[in-house]
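Below, each chain spelled out in residue letters.
Protein chains: 4
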Amino acid sequence: MPLVAVIPKPNAPVELREVPSPELEENSALFEVEFSEVCGTDVYLQQGRLEGVPYPLIPGHVSVGHLSKIRGRLFDVEGREFREGDRVTFLDVHRTCNACWYCLVAKASTRCPQRKVYGITYGLDDGLCGGWAEQIYLKPGTRIIRLDANAETFMVGGCALPTALHAVERGEIAIADTVLVLGSGPVGINAIILSLMRGALRVLCIGAPDQRLEVATQVGASAVFNFEEHDEGERLEWILDQTHGRGADVTIEATGAPDAVVQAMRFTRDAGRVVVVGQYTDHGPVSTDAAFNPHVDLNKKHLDVRGCWGSDFSHFYRGVQIVSHPVHSQLWTALKARLSRYTLAQASEALESVASGRVLKALIAPKFAT
Amino acid sequence: MPLVAVIPKPNAPVELREVPSPELEENSALFEVEFSEVCGTDVYLQQGRLEGVPYPLIPGHVSVGHLSKIRGRLFDVEGREFREGDRVTFLDVHRTCNACWYCLVAKASTRCPQRKVYGITYGLDDGLCGGWAEQIYLKPGTRIIRLDANAETFMVGGCALPTALHAVERGEIAIADTVLVLGSGPVGINAIILSLMRGALRVLCIGAPDQRLEVATQVGASAVFNFEEHDEGERLEWILDQTHGRGADVTIEATGAPDAVVQAMRFTRDAGRVVVVGQYTDHGPVSTDAAFNPHVDLNKKHLDVRGCWGSDFSHFYRGVQIVSHPVHSQLWTALKARLSRYTLAQASEALESVASGRVLKALIAPKFAT
Amino acid sequence: MPLVAVIPKPNAPVELREVPSPELEENSALFEVEFSEVCGTDVYLQQGRLEGVPYPLIPGHVSVGHLSKIRGRLFDVEGREFREGDRVTFLDVHRTCNACWYCLVAKASTRCPQRKVYGITYGLDDGLCGGWAEQIYLKPGTRIIRLDANAETFMVGGCALPTALHAVERGEIAIADTVLVLGSGPVGINAIILSLMRGALRVLCIGAPDQRLEVATQVGASAVFNFEEHDEGERLEWILDQTHGRGADVTIEATGAPDAVVQAMRFTRDAGRVVVVGQYTDHGPVSTDAAFNPHVDLNKKHLDVRGCWGSDFSHFYRGVQIVSHPVHSQLWTALKARLSRYTLAQASEALESVASGRVLKALIAPKFAT
Amino acid sequence: MPLVAVIPKPNAPVELREVPSPELEENSALFEVEFSEVCGTDVYLQQGRLEGVPYPLIPGHVSVGHLSKIRGRLFDVEGREFREGDRVTFLDVHRTCNACWYCLVAKASTRCPQRKVYGITYGLDDGLCGGWAEQIYLKPGTRIIRLDANAETFMVGGCALPTALHAVERGEIAIADTVLVLGSGPVGINAIILSLMRGALRVLCIGAPDQRLEVATQVGASAVFNFEEHDEGERLEWILDQTHGRGADVTIEATGAPDAVVQAMRFTRDAGRVVVVGQYTDHGPVSTDAAFNPHVDLNKKHLDVRGCWGSDFSHFYRGVQIVSHPVHSQLWTALKARLSRYTLAQASEALESVASGRVLKALIAPKFAT
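So the sequences go chain by chain: A, B, C and D.
Last residue of the first sequence: number 370 in my numbering, and the count goes up by one each step with no gaps.
Last residue of the second sequence: number 370 in my numbering, and the count goes up by one each step with no gaps.
Last residue of the third sequence: number 370 in my numbering, and the count goes up by one each step with no gaps.
Last residue of the fourth sequence: number 370 in my numbering, and the count goes up by one each step with no gaps.
Heads up, a few of these hints could be off.
Note that the list lumps identical chains together, so a pair holds whenever it fits in one copy or between two copies.
Cut-off 20 Å, straight-line C-alpha distance, at most; resulting in silico cross-link-like pairs (EDC-like, lysine to aspartate or glutamate) [claimed, not checked]:
1. K116 to E78
2. K107 to D270
3. K116 to D270
4. K107 to E169
5. K336 to E23
6. K367 to D86
7. K9 to D282
8. K107 to E172
9. K9 to E352
10. K367 to E349
11. K367 to E18
12. K69 to E134
It should be emphasised that the hints constitute simulated quantities derived from the structure, not laboratory data.
Chain A with its partners taken away, still in its complex shape:
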């Protein structure tokens, strides 16, 4: 019976369990986990900060491994059939229905009410549906991609890669624009890399702590600024100094702090674009101090502010193409040096490292010998 790591309930420590291998449905597969990710969402899962989550559950939504057993037939989007032994990854979002108003009329599939997410909205009752495990059960309809990339290059992007890619897409960067990234966590760092790849001439980053800003610089940020050492006024002045007094053309907010959304508007030039991708968890309302003024901050600036929720298969697919490319994959090299690996038994430790910010990206490697 495969070993899994489970969050039994909010605020309880991670536990190891054995779960019986499932009987495969037609057109499904068993996936042997090589690496699975530990991300900020997993920290929130452990803290019980996400609504509607079915505890106990096996965390781990982005994973890489190989198909050990296939029942029926499975194909990739190019129509190539999968074979047992293939090295693959899969889109954590499952069961986007393609039958509801959001899928079919609004064409906003990340808001489909039927969607399930491996490692987040599937619980232990659903079976082997999270990546902190020796095996994952890939249910029928799971979108699988063959992975030729180096496993660690792919995992260092992790779920932040499609998330940041979606945000960059929403930003509609014009060639030679100046982009400002707020936040230097995984989504922020990936947004820097992808903004540069997408035509930005310069990417500025405001984040913390200094070690992360150092990573931001390594992946290509033109200039970085530590928000813990400078108040909002100083940050604004810094941005204006870098942009002929105008502000950034595009700002990608990837912080998790509600007030940063208002600051993002202020740091952006008139008629620019702000993408809000840092508010995946409810951290409450914008503070009174932030003093969000729709006349000054939004209407008079003729600003576009764009929420960016989730990602779909296209973002995941494009992300895999990029990290599988011999040249472009090197953009993640600086990050790879920062990876920390943990066994299933060390999952609680991995969570703490991520929660504390000591580690930029942690992986669970279930077959890793301790």
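Assemble chains B, C and D onto chain A, guided by the hints.
Same frame as chain A, but now just chains B, C and D:
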């Protein structure tokens, strides 16, 4: 010497003065005013609520009249030369520079720092540059349009017409969408008309008082709701009832109340669009009660929120085309019945009527015999 | 056993047959046909001009009727369950896979290689899969919509309604634009109606014969021109006369004639848009006489030329909303007077009427007593 | 008196002349030429293949040099005043009017009928208005940009840089797309560089001769193909092999051959985009052999085909930013090695080198000692 009405300084009553007729520069004209508008901005001008305004000034930014004297040659955008006697109107925005970064690189001319506005940012020192006057001096470079429409049909749209047209353009309504308009003042009413013309199947309106909601219904709103009689929760419920529980596809906020911007987000369906066009004056920050939560209200909803500032010649031109069309101009018929006309000597009275909301649209008719 | 009309092979007359009622799969239904459409595609089917069509087949892709039998559970996009007896229609396109590169990465589902179309790419071997029949078998996954509209109003739009709606969507008409529609068949007529609904101030139409141009005028075209009576030069002159010498802002080509694609470019103003929706069948290459010159006709004009293939559920859904609306449905009133109804036994006659152009829209009414 | 090179009339050899220095109008300048470009358009000018060109004329539209004399005041778009001695370049397009329907309503300023182009539509009668000269007269309203870049890096881009940048912008490349560039002349080579900078994962190039394809590879093309050695069928097969059988996501046609426009459609995947930027001169209609079939090549493919004419200040400005950037400018290093420099007296020789294709980019250096 032409007679003009002047706001001498903030909070002072309007005064009548005589101003010498200007010596015309090359390629300029004198314009005899038939009607000039009294709008909410004029109320704010009188109350001293706009920054950087050069008192004393002659209000009146949208006007209709005829060219009584031309020096040099003047042409419309189609290349037809103007003649003395032509019935025309002109874009109140003047001197958009076509030489700055905003004009040439961002292509956001409504944010050009050089732009001047007749009746708002031109003061009495600049000469006959406002419409509450027997004559206006059309300086070189003023964008003039021949007007075949009925003068009152055009004026009942007034400055709200290009403003609402720009907002509707920013809303990117898809055919058969449900649009929600917040506010039932001139911009709101024009937004209802233009949303329907632009493909909305249904337009809902939340406003007040009942007389204005009656106008909203007359111009085509499918359903209206009085915000003075219903709290935010009831308004949300009303919207959801009308939209299969989803919210409006597109919301146009045209209220002037900061908190309405947050409500607009909540009243809009996931992955919809909110256009913020009601915050032309600084009414301070969003209130603590509004509790703007970027996770719930923006990011998770995958929402687009678009500030909409000013309008350019294209909006003015398209607006004139529409009200000049024999069929489409009838969309403003219900409004025409609500027009109130005032002489120059009655300008203070006109301002009070607009400020109190008793009158939907007031016109100054300088040649109107009392 | 339900009676059906069958095209046995290319160029053979339509035959009546009896086909056994299917055993229903889980989540499928039987649909009793009230009306099914006879459109230009059916003429081409009979003439053997479409590739890859599985003869014998039952034509009829857009139909209205009611659900006589449901096995399992069926829901609409709003999540409401269907009941036996419900009056419905359904999207003729079936089995768009949501699993291939075109569906998931390009998001161009009308180019999904897996899609099947009732009445066109389903053959008799697939069962009751065409509308010229007493019953249709709605296979699992068929997208069904409850229909509150008058059946004839809906059918007079027919398959041309979503096709034209898609084309109008692709045209990105700006409010107050002048649109030119080439062709006065069903797609052209629906494009006129929808262009007006979508913000065009004026719609011009070049078509033939005069009876159809009369319909164009009745549904709102500002001016019409008979291409049979005027050569290309005269047509161009006519367009320029109507548009200040510039050409149409948006042209929708809905003719079926290859050379019309080149003319559409010439009739459109510089930097305008051309939507090509009239080339659904292979009529061979553009003629030498047409003399398509990419410098003059395309590059120097800075033109956008947009092919428009098929339609997806969103177009069908929006079309149904429009014809179900008490006011907007009246836009099709002029067309309803032109409907011709035929029994199953008269199917060959119906085809001839459509092929000859004598009839604008023919319906098969299987339960119609002759 | 400054020395200039003049094309006296079509097909006549270039002559040297002396032209009196102009008396400067208010807010104008004299510009000392360091380098001016010899491009394909100059070849066509000499061959008399452009319409409406006022011979005799001084060719040379993109130039770099310094301001030797300023009368009045000149500012850049950031509002910084120019001083005599500043190293600058300027947009060759002049007098875009900002007053006509194309400028103000269509917002398509590259189709403004008033625009003049230094070195192309200004003739010798207009004064020192071309770059093959010791001095250029920068008339009032000329858009000047301070140039910090290496002069040769900037000139190796030349007029192809903003042209290709505009084309890439029109292509709306999605991140990780495969782009196909047809043509390996200056526009094609710049399109390769900019497509990569704008998010393409792979850029394919079909061109000739082999030396140019070698340059294409040096600047980053993933694969190249010689069209002189392979017929259309082989080219199509080559593209399909590289793209999972689908075709390129975006094709940029930059060839000058009419038939290439049709091939571009065929080489592009369904629902992709084709940008036509290679048809700046009239080379006649598409050939009968090309057999442009709107059903197969356009409508069924659901293709977007976009003409791309000229470039505006934004493209020029962004291009200057890119070549002034320490890292990005290196993308043009491979091209710099291919530059050939000529004196004014060698202008005919320079034209021949460009016409023959022996030289990729030739510069006139008027102060170059022979």
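Consistency of the hints with the structure:
Taking identical chains as interchangeable, the C-alpha atoms of K116 and E78 lie at most 20 Å apart only when they sit on different chains, with a minimum of 19 Å there against 24 Å within one chain. In this assembly of identical chains, the alpha carbons of K107 and D270 lie at most 20 Å apart only when taken from different copies (11 Å versus 29 Å within one copy). In this homomeric assembly, K116 and D270 come within 20 Å of each other (Cα to Cα) only across copies, at 18 Å, whereas the closest approach inside a single copy is 38 Å. In this assembly of identical chains, the alpha carbons of K107 and E169 lie at most 20 Å apart whether taken from the same copy (16 Å) or from different copies (14 Å).
Proximity of K336 to E23 under the C-alpha cut-off of 20 Å is found in neither arrangement, the shortest distances being 37 Å within a copy and 58 Å between copies. For a Cα distance limit of 20 Å, the shortest separation of K367 from D86 inside one copy, 18 Å, qualifies, whereas the shortest one across copies, 56 Å, does not. Proximity of K9 to D282 under the C-alpha cut-off of 20 Å is restricted to the intra-copy arrangement: shortest distance 19 Å within a copy versus 48 Å between copies. Proximity of K107 to E172 under the C-alpha cut-off of 20 Å is found in both arrangements, the shortest distances being 19 Å within a copy and 15 Å between copies.
Taking CA atoms no more than 20 Å apart as the test, K9 paired with E352 passes inside one copy only; the shortest distance there is 17 Å, against 63 Å between copies. Only within a single protomer do K367 and E349 lie at most 20 Å apart by alpha-carbon distance; the minimum there is 17 Å, versus 70 Å between protomers. In this homomeric assembly, K367 and E18 come within 20 Å of each other (Cα to Cα) only inside a single copy, at 15 Å, whereas the closest approach across copies is 63 Å. In this assembly of identical chains, the alpha carbons of K69 and E134 lie at most 20 Å apart only when taken from the same copy (14 Å versus 47 Å across copies).
Violation of the numbered hints given earlier is confined to hint 5; every other hint is satisfied by the structure.
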